[in-house]
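Spelled out, the chains give:
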Amino acid sequence: MNSKLKKYYPLLPVCVAYLILFLVGRNVTGIWQLVSTLLFYCALGQAFNIFLGMTGYVDFGYVAFLGVGTYGMATAVTGLAGYEGLGVGVIVIGFALAVIMATLLSMAVGAVALRLRGAYFAIATIGVNEGFRYLIEGANLWNGSSGMIFTAELNQILGRDLAGRVMTFWADILVLIIGVAAAVVTLLYMNSKIGYALTALREDEDAAKVMGIHVTKFKIIAFITSASFAGMVGAASWALKTPYVFPPEVFEIHYTIEAIIIVMLGGAGTLMGPLVGALIYGVSKYYLSIFLPGFQLFIFALVIIVIIVLFPEGVVGVLKGKTRNNRLKQLIL
Amino acid sequence: MIFEQLMGNIVQGLILGAVYGMATMGLSLIFGVLKVVNVGHGAFIMVGAFITLFFFNTLGLNPLLAIPVAFAVGLAIGLLFYHTAIKRLLNAPELATLLATFSAGVLLEESIKLIFGSEFRGYNWDIGNIDLGFTALPVSKLYACLGSVLIALLLYIWFNRTRAGTAMRSVVEDSEGARVCGVNVQGAYAMSFAIGIGLTVASGVLLTMFIPVGINPYMGGGYTLKAFVIAVLGGLASPYGAFFGGLVFGFIENTSYTLFALLPGVEPFALTRFLSFMILLIILLIRPTGIIKAK
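Heads up: the sequence lines are chains A and B, in that order. Just so you know, the first sequence maps onto residues 1 to 333 in this note's numbering. Just so you know, the second sequence maps onto residues 1 to 295 in this note's numbering.
Don't read these hints as lab results, they were simulated from the structure. Since the structure is predicted, the reported quantities are computational estimates derived from the model, not experimental observations. Some hints could be false.
Using 25 Å as the maximum straight-line C-alpha spacing, the simulated BS3-like pairs for lysine-lysine come out as follows [what the hints assert, rightly or not]:
hint	chain 1	residue 1	chain 2	residue 2
1	A	K285	B	K113
2	A	K209	B	K87
3	B	K87	B	K35
4	A	K285	A	K4
5	A	K285	A	K6
6	A	K329	A	K193
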């Protein structure tokens, strides 16, 4: 019993961190904006980590899943605005649609890309966001390049008061829940056959194959899980928080860059890493934008190169090494 | 009428394709020798474009003179980047070099943005047209095409007729064996990385002849994607394959744009870019080792 519970100890620091974040945001005036950005980065990193961290494959088109998630929510809200009495149900349908669309896209991409190794995989994914953006613009899907604005529909469905609360508060809470859920799923995977298989394939894919591990199956599981969380993040943080969607914005590679920075900074493949990375990245980006506006990405690009060359295991990876022999060990994963 | 338009497309496409091909040779060279994919490829092209801009707008010089300078700048950036980062990552998991080259691209984009700002710029080098009857060909584009072919030939000669080039080929074939025979393998790695980056930056100069007002710190992303399509067409590891891949791709791009423009209710520019991405996926699906067999 006790040892079974012990497996879940590493969730404790994660939950404490989220709780502190929430309490600070609620009680310090004027800081909710920053907290909401941090929550977005936490969820983004946690979702990205499920794939990048656990498999060691880099998906450069990751933002496409956030983009289609945003479109999923937008479709539900605009399509169901005419039906009376659905209320919050529309949001639930929107999330379902976001997950379904992100899953479908990840299956389509994965079918090609996951059969390929390392370098070829990266090449196959690097254009996914651009490709999907140009498909929407070129074929005039979902209004093409003019995008969708659905503030009026959201007001109509939820009523003006609730819609306002959703945009300023509940969307962020949903992002928080998604972030925690992604962390729980990460831990569940780590403690199960999936996690062991992924670790084996990350360390040596050929050896894992020889040992009888169905590597493609486990890569697909991680890829789809990671993508559907991204779809939810997009639906909550982009579609609900700011009820409009324009193709160039939601397929912007900038967000993939941020996800990479967050995961590598915190420690790829660790449970706490994305959270730590997101907090460091979010807070320092915030202050850099005040003191050195325009220099944020320049500095972080340098930081990433330094991290990759000097300590590729990230902050949490280093901490893990330091706590190997003491009682904190079981808390850090 | 449609025949003339198509003929025009073939010629324009092949001319652009030669430049595309040359712009991808650096990528293939680096992958072929070091097995490193330069994910920041487009950013290096962008640096070349800005060097051209500086030559033409600030110094008032002929843009073609920027080619050797861009090549030298590329060599310097390549050597610096190789010795600070890539060298230490060659034995690390693939993830490391992918993220490092990606970050290097971001770093270049941000540096150029901080120096020049992020608005779109351009220059106008008007030195007349050649009228072929069915299409008018700007002389500047013709120079760009000839420049690409010349550079590709020089690379070929350097690879096959010089000691350093032969040493590099031996490293590609069998790095252990080359080491035993006294080839400086580390040196060959550094040199091919630097030359690859040099070629890429130099190709940025040639590409500006096709984009009159499209120069911006973030212009590289589209070229990274195109370069991957081209490189994969040519088999990824072969610079000459890349050159022919470029010809094929330039032709496809130009023709499909014209054909998409005939369809009602679509944006041909966006669909063309979607098509290039689909070509990439299809080739990777059916033959990741490349369609064109080049030695």
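Next on the checklist: Between the alpha carbons of A/K209 and B/K87, is the straight-line distance 25 Å or under?
Outcome noted: violated (29 Å)
Checklist entry - Does the alpha-carbon distance linking A/K329 and A/K193 stay inside the 25 Å limit? => result holds (22 Å)
Checklist entry - Are the Cα atoms of A/K285 and A/K4 separated by 25 Å or less? => result violated (39 Å)
Item to check | A/K285 paired with B/K113 [C-alpha distance capped at 25 Å] | outcome: The given pair, whose Cα atoms are some 18 Å apart, holds under the 25 Å limit.
Checklist entry - Is the Cα-Cα distance between B/K87 and B/K35 25 Å or less? => result Roughly 12 Å separates the two Cα atoms, so the pair holds.
Checklist entry - Given the proposed pairing of A/K285 with A/K6, does the C-alpha separation stay at or below 25 Å? => result violated (35 Å)
Of the hints listed earlier, those the structure fails to meet are numbers 2, 4 and 5, in rising order.
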